[in-house]
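Here are the chains, one letter per residue:
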Amino acid sequence: MKDELFTMTPELPAMSPELVARWQEEMRRNALRMKHFSEMVMSPKEPEVGPTPREQIYRTGKSRLWRYTSKRTVRTPLLFVPNLGISRPYIFDLMHKGSFIEHMTEQGFDFYLVDWGVFGAEDNDLTLEHAVTRILPRLARKALESSGASEMSVLGYCMGAPLSVSWLGSTPEFPLKNYVDMAGPIDFSKVGLFGLWLDPRYFDVDRFVDTLGAIPADMVKMGFKLLKPTMDLSTNLNLWWNLWNADYVSGFNALNQWANEYLPFPGEFFRQWVKDYYQQNRMIKGELTMGGKPVRLESIRCPVLAVGAKEDNIAPPGCVRPLIQAVASTDKEYIELPGGHISLIAGRGASLHCWPKVSSWLAARS
Amino acid sequence: MDEGTQAWLKMAGQGQPVDPQAFWRPFMDQGMQAWSKVMTQGTVSPDLMTQWKQFLDQWIAAWSKVLEQAMGTENFAQAMGKQLEGFLSVAAPVKKAAEQQVEAGLATLGLPSRSQVLGLAKQIAGLEEKIEGVEDRIDAVLARLDTAAAASKKERE
Chain A
5 MKDELFTMTP
15 ELPAMSPELV
25 ARWQEEMRRN
35 ALRMKHFSEM
45 VMSPKEPEVG
55 PTPREQIYRT
65 GKSRLWRYTS
75 KRTVRTPLLF
85 VPNLGISRPY
95 IFDLMHKGSF
105 IEHMTEQGFD
115 FYLVDWGVFG
125 AEDNDLTLEH
135 AVTRILPRLA
145 RKALESSGAS
155 EMSVLGYCMG
165 APLSVSWLGS
175 TPEFPLKNYV
185 DMAGPIDFSK
195 VGLFGLWLDP
205 RYFDVDRFVD
215 TLGAIPADMV
225 KMGFKLLKPT
235 MDLSTNLNLW
245 WNLWNADYVS
255 GFNALNQWAN
265 EYLPFPGEFF
275 RQWVKDYYQQ
285 NRMIKGELTM
295 GGKPVRLESI
305 RCPVLAVGAK
315 EDNIAPPGCV
325 RPLIQAVAST
335 DKEYIELPGG
345 HISLIAGRGA
355 SLHCWPKVSS
365 WLAARS
Chain B
2 MDEGTQAWLK
12 MAGQGQPVDP
22 QAFWRPFMDQ
32 GMQAWSKVMT
42 QGTVSPDLMT
52 QWKQFLDQWI
62 AAWSKVLEQA
72 MGTENFAQAM
82 GKQLEGFLSV
92 AAPVKKAAEQ
102 QVEAGLATLG
112 LPSRSQVLGL
122 AKQIAGLEEK
132 IEGVEDRIDA
142 VLARLDTAAA
152 ASKKERE
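In the order they appear, the protein sequences are chains A and B. Residue numbers for the first sequence follow our numbering, so the first one is 5 and each next one is one higher. Residue numbers for the second sequence follow our numbering, so the first one is 2 and each next one is one higher.
Worth flagging that the hints you see were computed from the coordinates, not collected in a lab. None of the values given here were measured: they were computed from a predicted structure. Do not take every clue at face value.
Stated by the list, open to error - To be clear about the criterion: a stretch of chain B counts as covered by chain A if any three or more of its residues have a C-beta under 8 Å from a C-beta of chain A, and this derived list gives those stretches:
#, stretch
1, 64-74
2, 84-96
3, 123-132
4, 147-155
The beta-carbon is built from N, C-alpha and C at its ideal position, and this holds for glycine as well.
All chains should be built: construct the whole structure from the sequences, respecting the hints.
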């Protein structure tokens, strides 16, 4: 009986030493996956974000102007204008060796960041026009004063691009040296799913703002999650796959914290943002006014760089590129890089593809 | 992946009841082929995990594509608009009633209401704005004085 049982056991196929080594490596990774998983669940660490040293130059209301420490070897200072609401700006200085700001300061740029701040119910009357005609010019002036320079380059990212273009297009007297649009929508007729969902036939922005006052952070989050419903699934799958890698895990923790920290919109700001930009596309049509002055994109004559991301579903390349046709600059360039809206500016891909391109383009003209 | 997505979209577009198998079949066939290849090899290599990850990536990408196409339709936008309208219809009276109740409760206790606190915050923001306006004007006057002083100095020289 014993012999019969023995003979019924299938003979194990011989494994090559290479295969054994690979299995050992796989087992090691699985053990590390378990270790990092238990650390994430049992003793989660607060990720350290914003590693580049900075000082506050000015504060107006909730908004602040930050200047980052650098060698300042590039003569023209750079003003970075990000989105207002939606998310916090520490994504641009996420972590050591994974920070756009760190890269730019290492390249010698005198880097200023507009931090719009976190708006509450008391700011619901703040309009987009106020942000563009009062807050932004004041912060830009303070940046110029602080740097001692006579000219300044401006870089608008995401919503920061249409906001800064609206300001610069209505203020031709501002000493603008260069302009960079990174994943910033300009022609809102090509803005993808958000454009369709915010169409006036389906979305009554007046009723929305009149009812809710401000746009709560949870609603902003819902809108962005809906844009890519499988995002969380693929993020978690990739986390599991790379969970053995401690560097990946620390990067994930920082990015994940940022990605789940949404900010509300002031009600009146949102009303104007949706109506003038998404629904009526007034900026590219030349119908937009700011502070009583027309916004004329053709009044921008300095060197212009527009950067689109191939898989961007928030600001698809088609809505970024039209800036190049709209401005009157002779030195202008559009480039399309791999990645999505966030991976254009944060992460390993950005450090390889985007940051060197932007910094070298600017440095050559600063 | 494309085959499965197209089968699903074709059926959805033609108004036929959606057959999930039509979407899954190409994936399952691919998966079964990969499994049978592994089983016939005799020894199981760690590549199996990589193949499984690739399979899941493709599966997610396919669903993402299908969902993106479905959400990019006028029908979806219309349905979402209606959902939002329904939410606002409920939210507006509830919010108003809650605010009124809270205001009345705080007034009874002799405490400032939310709207009063917000009003105060707005007043402070307005004052700050006015101070900044004065600051801007002083800066402009100083700049003019500097220019005038420089011009008169030049004249004297």
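The hints, checked one at a time:
Counting residues of the stretch 64-74 of chain B whose beta carbon lies closer than 8 Å to any beta carbon of chain A gives 6, which reaches the threshold of three, so the coverage claim holds. Remark: the stretch 84-96 of chain B is confirmed as covered by chain A, as 6 of its residues place a Cβ nearer than 8 Å to a Cβ of that chain, reaching the required three. Counting residues of the stretch 123-132 of chain B whose beta-carbon sits less than 8 Å from any beta-carbon of chain A gives 4, enough to reach three: the coverage restraint holds. Given as covered by chain A, the stretch 147-155 of chain B fails the check, having 0 residues with a CB less than 8 Å from a CB of that chain where 3 are the minimum.
Hint 4 from the earlier list is the only one contradicted by this structure; the remaining hints agree with it.
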